Structures are given as structure tokens and as C-alpha cells.
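Based on the provided sequences and hints, a complete structural model is requested.
One letter stands for each residue in the lines below.
Protein chains: 2
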Amino acid sequence: MKIYLPFLGKTREKYLAAGIDDFANRLKHFVQFDCPVLKDKKKSAKDSPERLKDEEARLLLQNISSAATIVALDPSGSQLSSDGFAELISKWENQGVKEVAFLIGGPLGLADEIIRKADLVLSLSQMTFTHEMARMLVFEQLYRAYTIKAGTGYHK
Amino acid sequence: MKIYLPFLGKTREKYLAAGIDDFANRLKHFVQFDCPVLKDKKKSAKDSPERLKDEEARLLLQNISSAATIVALDPSGSQLSSDGFAELISKWENQGVKEVAFLIGGPLGLADEIIRKADLVLSLSQMTFTHEMARMLVFEQLYRAYTIKAGTGYHK
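Line by line, the protein sequences give chains A and B.
Numbering of the first sequence is given in this note's numbering, commencing with residue 1 and proceeding in unit increments.
Numbering of the second sequence is given in this note's numbering, commencing with residue 1 and proceeding in unit increments.
No lab work stands behind these hints: they were computed from the structure.
In this text the structure is predicted, and so the values were computed from the model without any measurement.
A couple of the hints might just be wrong.
Unchecked claim - In silico DSS-like links for lysine-lysine, alpha-carbon gap of 27 Å or less:
no., chain 1, residue 1, chain 2, residue 2
1, A, 10, A, 28
2, B, 91, B, 149
3, A, 98, A, 39
4, A, 10, B, 14
5, A, 2, A, 28
6, A, 28, A, 39
7, B, 10, A, 14
8, A, 2, A, 149
9, B, 10, B, 117
10, B, 117, A, 14
11, A, 28, B, 14
12, A, 14, B, 14
13, A, 46, A, 91
Stated by the list, open to error - Computed footprint of chain A on chain B; a stretch qualifies when at least three of its residues, placed anywhere within it, have a C-beta under 8 Å from a C-beta of chain A:
no., stretch
14, 14 to 21
15, 126 to 139
Said to hold, decoys possible - Pairwise CB distance ranges, derived in the manner of DEER restraints:
no., chain 1, residue 1, chain 2, residue 2, range
16, B, 29, A, 29, 36 to 44 Å
17, A, 119, B, 81, 21 to 29 Å
18, B, 54, A, 149, 31 to 39 Å
19, B, 81, A, 154, 26 to 34 Å
20, A, 119, B, 78, 23 to 31 Å
21, B, 9, A, 14, 19 to 27 Å
22, B, 90, A, 40, 34 to 42 Å
23, B, 97, A, 36, 41 to 49 Å
The C-beta atom is built at its ideal place from N, Cα and C for all residues, glycine as well.
Set out below in C-alpha cells:
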């Protein structure tokens, strides 16, 4: 199973970029993943939030195969425990899922189209975090899930 | 109102320490806070987890005035939205609360004594994060709460 985790624009906050790198380096021992930085087009003052989100949705969806399982990260979603998330990944593997795409919006959040298309809408917390922080948290939870599945410790 | 946010040992993960510093620098424009690093005593193999947690509880509680409102960060707690957290801070201010202590455990979590003593047990997420990551998230949510209260934007 491959994980696709595209970023809308690069991570500007340096300490979050460092955290993401750290978890990406650890995660690659467990699973194949592709984490491309999709180029945001230059925003213009004319663009409405809805139009920007639609453009972002187009970018996020462009490289996803029709067979992929789509997880949308959105505050409207349901929460899972870390153990529950690890179980879900095992279930996907057992079902022969080839690709899981984790989609994180920009500062405006995800377009409705992605929420509708998603197989799972997942919320990290009732609290609001920046989308860059959500990137690091998703990486951390993926890494944690694979260590839970592997039965290795992760105490940091 | 003063915020007391003691850390059990320094933050070892450099990118998290950088994130905490960043939010601490921004938060100090809004509220007075004290964030001491409490020295963990050297752990010995003889110490049971319960004994270590009790020792940590003693450290965490030693400088808290009896009048302080205590918030324990623990997965067993209830969640708040960021708006709800901002409203709670406003409520404490209106009630004349002098000090709010936010207590985060070490890798083993908080001692039962602290959960019992707490006025509020707050959970950040159903997912498990490291205690060092929880530090950064609490700082981020405090900063977010004060920007919500101030009506200033925070889009990062």
C-alpha cells in the first residue's frame, strides 16, 4: 500500500518543515509514500475563497488514481484514536487497498468537492491548528500507527 | 491573570523547542506567563512508573498557589474547540482568576493525583501525541485563544 500526501505549497514555518522531515525519514522504513509539493498558483485579489479552494481541489486530485482511498483532513470529520488509526491502516492493507491519499487543505480548508469525494473525513482535534501544523501531526500519526502495527516502541 | 506552564525537563526535540519559543515570543504580548523547566531527577531502574509519576506530580504542584485554577492535559479529558477555549479564558478573567496552571505530564502521563486535583481535564485530541508535542500544541492554542479574544487575525 502506498501513501500519497500532497502539500499545497511548501511548508514555510521552518520548525514544522524540520519536524515533517524527521517523521518522513522515520516513516520511509515502514511504507512507501509520495509527498509532492504542489505549486500554488499566485493568488490574486480577484480570486474568491471558493474559487481558490476549487483550484486547490483540482491540484490535490489531479494525480490520484480512481482506485485510491481518499482521506480528507477536516474539522468536520470524525476522530480516531492512534490505535484506531493503526487498525484502519491494517484493514486497508488486508483489503488490498493500493493507495491511500491524505488530503490537507490550505489556510482556507478543503473544498466541498473533496469532502464529498472522501472515503473518510478525519478530524485531528476539535481545536483548530494551522494547515502546516496539521501536516506534521498527520506525519506523526502515520509514523505512530506503523510503530503500533510493528509492535516497536515509540517513546519520545 | 497569569499563566503557569511548567515543563518536566527541557524540550529535547529541537524543532519542537523552536516552535515553543516562537509561540512563547508571540504570546508574551498578550499575557504574563511563567514556563519554568523543572529538573527531572535521574531516573533509576528501580523506580516504578507510579513512583516516577508521583515524583513528577510533586514537582508540578510545588509552585502552584492554592488559589490557582488547574488544567490537566490528559487524554481522559474533554475536548474544546479553539473558540471555546478562548471563551473559557475570558470567563476566568471575568471571574478574577489570578493564575491558571496548565500541567502536562512526562512520557508516562500525569499522576492520578493531578487528574483529581484539576479543575479541568483537557484533551487535545483522541490521538496520542508525544508530551513534547503537546507542549507546542498548548502554546499554539493559548496564542490562538488570545488572538481570537483580541479579534486579530492569525493565519499561518
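Okay, the hints, checked on the actual structure:
no.	hint	in the structure
1	A/10 with A/28	20 Å, holds
2	B/91 with B/149	11 Å, holds
3	A/98 with A/39	26 Å, holds
4	A/10 with B/14	20 Å, holds
5	A/2 with A/28	11 Å, holds
6	A/28 with A/39	24 Å, holds
7	B/10 with A/14	20 Å, holds
8	A/2 with A/149	16 Å, holds
9	B/10 with B/117	24 Å, holds
10	B/117 with A/14	38 Å, violated
11	A/28 with B/14	21 Å, holds
12	A/14 with B/14	11 Å, holds
13	A/46 with A/91	45 Å, violated
14	14 to 21	holds (count 5)
15	126 to 139	holds (count 8)
16	B/29 with A/29: 36 to 44 Å	42 Å, holds
17	A/119 with B/81: 21 to 29 Å	25 Å, holds
18	B/54 with A/149: 31 to 39 Å	33 Å, holds
19	B/81 with A/154: 26 to 34 Å	28 Å, holds
20	A/119 with B/78: 23 to 31 Å	29 Å, holds
21	B/9 with A/14: 19 to 27 Å	24 Å, holds
22	B/90 with A/40: 34 to 42 Å	36 Å, holds
23	B/97 with A/36: 41 to 49 Å	48 Å, holds
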